[in-house]
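Peer 1: Sequence:
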Amino acid sequence: YQPLSGKNGAGGKQELLGIQYAHSLKPTIKVGDTEYEVVLDVQDNGSDDSTGKTAAAKLVADKNLVVLGSYGSGVSIAGSETFESAGLPAVGCSCTNPTVTEGKDYYFRICFLDPFQGSVMASFAMELIEGK
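Residue numbers are given in the working numbering: position 91 of the sequence shown equals residue 73, and the series is strictly consecutive.
Derived by calculation from the structure, the hints in this document are not laboratory data. One should not assume that every hint holds.
Under the rule of at most 20 Å between Cα atoms (straight-line distance), these lysine to any residue pairs were calculated in the SDA-like manner [stated by the list, open to error]: (1) K35 - P9; (2) K12 - L(-1); (3) K45 - P9; (4) K40 - V20; (5) K45 - N79; (6) K(-11) - F106; (7) K(-5) - K12; (8) K86 - V102; (9) K86 - S101; (10) K45 - S67.
Please read these numbers as outputs of a predicted model, since none were measured by experiment.
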């Protein structure tokens, strides 16, 4: 669930490359005594809320077990209700807006939030200024 086109296409392609690399290293998962093949279902959300909702619905219809993405918080928010309604877990790699996961039981993130990043950068800038 990445923007492979539109204004965030370049960033989405970078995230997809990371996902594909991880998949090349570990293309299976073992649960108990059974090993399962991991299949990537790549959907372009087009950096657009409407296209994102359609892509999210396709991922649900395809009966995926988990979603990775999206690059960009806006499209993540747009698809979140679809994932939430279906009980489909989604993991955002770089969607930093707190709204993406607020009140959601099925949307998670592995990145810092905007408020945290802003305060860290402000502190860093102040240290640089005071050091001169």
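Peer 1: Would you list, in rising numerical order, the hints stated earlier that this structure does not obey?
Peer 2: Hints 1, 2, 5, 6, 7, 8 and 9 are the ones this structure does not satisfy, whereas the remaining hints hold.
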